[in-house]
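**Q** One letter stands for each residue in the lines below.
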Amino acid sequence: SAVISQKPSRDICQRGTSLTIQCQVDSQVTMMFWYRQQPGQSLTLIATANQGSEATYESGFVIDKFPISRPNLTFSTLTVSNMSPEDSSIYLCSVETSGTIPDTQYFGPGTRLTVL
Amino acid sequence: AQSVTQLDSQVPVFEEAPVELRCNYSSSVSVYLFWYVQYPNQGLQLLLKYLSGSTLVKGINGFEAEFNKSQTSFHLRKPSVHISDTAEYFCARYNQGGKLIFGQGTELSVKP
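Going down the list, the sequences are from chains Y and B.
For the first sequence, the numbering used here gives the first residue as 1, with consecutive numbering after it.
For the second sequence, the numbering used here gives the first residue as 1, with consecutive numbering after it.
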């Protein structure tokens, strides 16, 4: 398994601003992912954070809106840019430790974002 | 497209009663299935998983699930629930692209 922490745990932001969310893992992992959970909804994959290269985005998500960094095997950031109230969600980081399918994804506690 | 469907959005039960949360998946050659739980204001925690082998999978907190290939189901069960089991439960599977996809979730509400 893996122990994952996220910062901040929650934030309230103004429209038009940006927020960077950090994800830290207690061990080196092969795969890191970012998900969005809109109020009352299930989880939707935003992107796969690739170490040393650009993130791989899912359909409907773009780098300009959700830039992602992954400078090493234990850390990643997700930025929510130019926020609007529709961005109010829980953002979750997850990791896979083995890098092979099938594997288990472990999730961080999430960042609760409210945009006013 | 490969998918999972959770048939109940809400399941209210009384404490100490048995519960079943239903999950169906679209059939494919390889199926890897998971149940996660999300307690209020928390992240997701893995309850159990089916990768291969025995079709009856036991997880944490007294939960178990049965992989049923003929019914394409992976229902989650617990013989006696507690108030502390109140949470959102998500069924998930890997799709062909190696991505984890989630069902819509089932809200389990345990009442005294």
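Any given hint could be a false lead.
Computed from the model, here is a short list of chain Y residues facing chain B with C-beta under 10 Å [claimed, not checked]: (1) I4; (2) D26; (3) T30; (4) P39; (5) Q41; (6) T44; (7) G60; (8) F61; (9) S94; (10) Y106; (11) G108.
Calculated directly from the structure, the hints in this document are not laboratory data.
From the three backbone atoms N, C-alpha and C, an ideal C-beta is built for every residue, glycine too.
**Q** Each of the hints needs a verdict: does it hold here or not?
**A** Quick rundown of the hints versus the structure:
no. : hint : in the structure
1   : I4   : holds, 8 Å
2   : D26  : violated, 15 Å
3   : T30  : violated, 12 Å
4   : P39  : violated, 12 Å
5   : Q41  : holds, 8 Å
6   : T44  : holds, 8 Å
7   : G60  : violated, 14 Å
8   : F61  : violated, 13 Å
9   : S94  : holds, 8 Å
10  : Y106 : holds, 7 Å
11  : G108 : holds, 5 Å
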